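Make a model of the complete structure from these sequences and hints.
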Amino acid sequence: MSTALASSAGLGDSEAPQTVAGRPGLGSRALHSPTFMAGAIMTTTIVALVVLAPVIGRYSPVALDPLHPLSGPSGLHWLGTDELGRDTWSRLLYGGRTDLQVGFLAVVFPFCFGVFIGTVCGYFGGRLDAAVMRVVDVVLAFPFFVLIIALVFVVGVGTHGIYIAFGLTDWVVYARTTRSATMIARNLDWVAAAEGGGLSRTRVLWRHILPNTITQAIVYSMSDIVIVILAVVALGYLGLGIQPPAPDWGSMITDGQSFLQSDQWLAILPGIAVVFTGIGLSLLGDGLADVLRPE
Amino acid sequence: MTVIEFARHDLAPPLRLALESHLCRQQGREWESEDVWEYQAAGPSSDKGVRTVPVGEVTVLLAPEREERSALGHLASPSLRYVVRRILLSIPVLVGVVVVTFLLLRLIPGDPARTLLGVHATPAAINALRHQLGLDEPIWRQFWAYVYGLAHGNLGRSIYYQAPVSSVIAPCLPLTAALVLIATFFAIVITVPMAALAATHKERPSDHAVRVFSLMGLGMPSFWLGIILIIIFSVDLHWFPVGGYGTTFWQHVHSLVLPGLCAAFAIVPVLIRSLRVGMLEVLGADFVATARAKGLRAWRVTFVHVARNALIPTLTLLGINIAYLIGGTVVIERVFGLNGLGNAMLNAIDLRDFPVVQGITLIYAVGVIGVILITDLVTARLDPRLRLK
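These protein sequences, in sequence, are chains A and B. So the first sequence is numbered by the numbering used here: it starts at 101 and just counts up by one. So the second sequence is numbered by the numbering used here: it starts at 6 and just counts up by one.
What the hints contain is simulated information worked out from the structure, not anything from laboratory work. Given the structure is predicted, the values throughout are model-derived calculations rather than measurements. For glycine and all other residues, C-beta sits at the position ideal for the given N, C-alpha and C. One or more of the hints may lead you astray.
As the list claims (entries may be wrong) - Covered stretches of chain B (in silico footprint by chain A; criterion: 3 or more residues with CB under 8 Å from a CB of chain A, positions within the stretch not fixed):
| id | segment |
| --- | --- |
| 1 | 109–116 |
| 2 | 366–373 |
What the hints assert, rightly or not - Facing chain B, according to a computed beta carbon distance under 8 Å, are these residues of chain A, among others:
| id | residue |
| --- | --- |
| 3 | M142 |
| 4 | F245 |
| 5 | F253 |
| 6 | G256 |
| 7 | G258 |
| 8 | T259 |
| 9 | L288 |
| 10 | A334 |
| 11 | Y337 |
| 12 | L338 |
| 13 | Q357 |
| 14 | Q361 |
| 15 | S382 |
Unchecked claim - Only some residues are given here: those of chain A computed to face chain B with a beta carbon under 8 Å:
| id | residue |
| --- | --- |
| 16 | A241 |
| 17 | Q364 |
| 18 | V375 |
Okay, structure coming up:
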């Protein structure tokens, strides 16, 4: 996650010199966008919490405390314990660590591959483009979650299954948005000027078109991480995702569901963590859209 | 109107005048300012059936009367043509979906038969399953057998139940269909008023409230929302059953209210956002200004003039997002203990019953293709502009 923030900030720096005189730079636009700032603060908070889990977690997420099972909040266990006496606060932090890490890593390959194939298809068109777009149509015909479940089932349950399933399916939206952005950019005057100036197609593509088309993919990647985290948590809930004993928000909700009558917080708290993360990343995405595309 | 196909459609006005008067003289009449001329950029195929007329130094390409060159040209009405074309367009997707579900088996690492049966299976059992799945045949024969079976309504044979997959799936279909229907209904009922509220009160507190609401929805796992709804409305208030489907029609509807709400929430935030933008566009249109200028009341303008025109984009959006909604019902069926398609799929996964998982995946995709096709046709019926594109 911290890498995502760093890379988007890095992009801001590299684009700064290109800004037209009189238009405020990316940095100051970011500071003046309440949406961006709220999203950045929420996301940074949650990333800091899960990164610092070993420091502020107090207990190991798998340490059992048989003397205090299903205990309420106390000085000993801030948010109480589950049925095995495991500390809920630690499990929340470590669970978030797993889910955010898996959610972020699962988006990296689809992002890179989708942007690459979308750019190539949009610029060159032709048979490759037609073929790739048919594949995109087919993948989008499946209900997203059904395809993910089926793929995780066939390639094997667990983290590597999640990476493969998302790697095979999630690139299509990036490919489609980048393709249409590239097709528009290809016909613009400054691209014609760059081509007419004698620059090679590769250089025009990666140095002139891509920096302008990638913003859409970056903005979408924020909501995509939310979708992927939701799917990872849902897979965990179904027992198809991150496998125990590794803590995960989804399996915490499954475990807590058995105690709805007596200890509702066990199922509610992990959900609140997911919602908080989701709101933070969505705001960040909206804010990025405002900052990167001011008109 | 005369259509002129030319290498450039943005011809400079003096050249246009020269060209037009030349063409008029050819037809034996004078150039008149009332004539309407349309310039089109000549496509790469313009050498076919096009007359060339030299005008001064440039050569003009004149297009003949435009003919319907489509293979469907003999179909009389344009709307029928649209329907046929739209149905034909979904066939390649259908073929692709069949290929993908067929390849699922190939993605199982190692020997699929061994993997599915587990480490304690006897070699005889593994061989039997390998034969049942057709793994002892070359891949093209397998694919042909799969397609041939599908064409005859045969989705394969369940490993666990030793019965046709279709007989395992069929009893689950009505429940999932009903759930999707109710969820779609809720999605519309929640989206339209909230988007209208946000659009008519742009940048005001109610707009921001709607925005916070959709932000929360975006990050909320639907199965978790289901658990919360069960805690509030089933465990505490006893308004709805905790799970199950009941036996009578009204019990069915009653037990699908909470699951339907959950499934709807998966797409409501996205729908609200897009519909709000769509409504803002309609609100700026001339006919809305006219309606206001006529002195109509604000609610009448919003709900009669604006909402009616915003209905079409809503339907299109629903079509796009319905796949996501349907995917969400898988988990929701598990939460509410509903024996629909999703639950059947998860049970089959627990039993490692591959043909059932494969069959259900295919049914889901075919369902989505069908729903999108229907929404497209309905939208085209509502909006004649789309048919002409």
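Comparing the hints with the structure gives:
no.: 1; hint: 109–116; verdict: holds (count 5)
no.: 2; hint: 366–373; verdict: holds (count 4)
no.: 3; hint: M142; verdict: violated, 10 Å
no.: 4; hint: F245; verdict: holds, 3 Å
no.: 5; hint: F253; verdict: holds, 5 Å
no.: 6; hint: G256; verdict: holds, 7 Å
no.: 7; hint: G258; verdict: violated, 12 Å
no.: 8; hint: T259; verdict: violated, 15 Å
no.: 9; hint: L288; verdict: violated, 16 Å
no.: 10; hint: A334; verdict: holds, 5 Å
no.: 11; hint: Y337; verdict: holds, 6 Å
no.: 12; hint: L338; verdict: holds, 6 Å
no.: 13; hint: Q357; verdict: holds, 6 Å
no.: 14; hint: Q361; verdict: holds, 7 Å
no.: 15; hint: S382; verdict: holds, 5 Å
no.: 16; hint: A241; verdict: holds, 5 Å
no.: 17; hint: Q364; verdict: holds, 6 Å
no.: 18; hint: V375; verdict: holds, 5 Å
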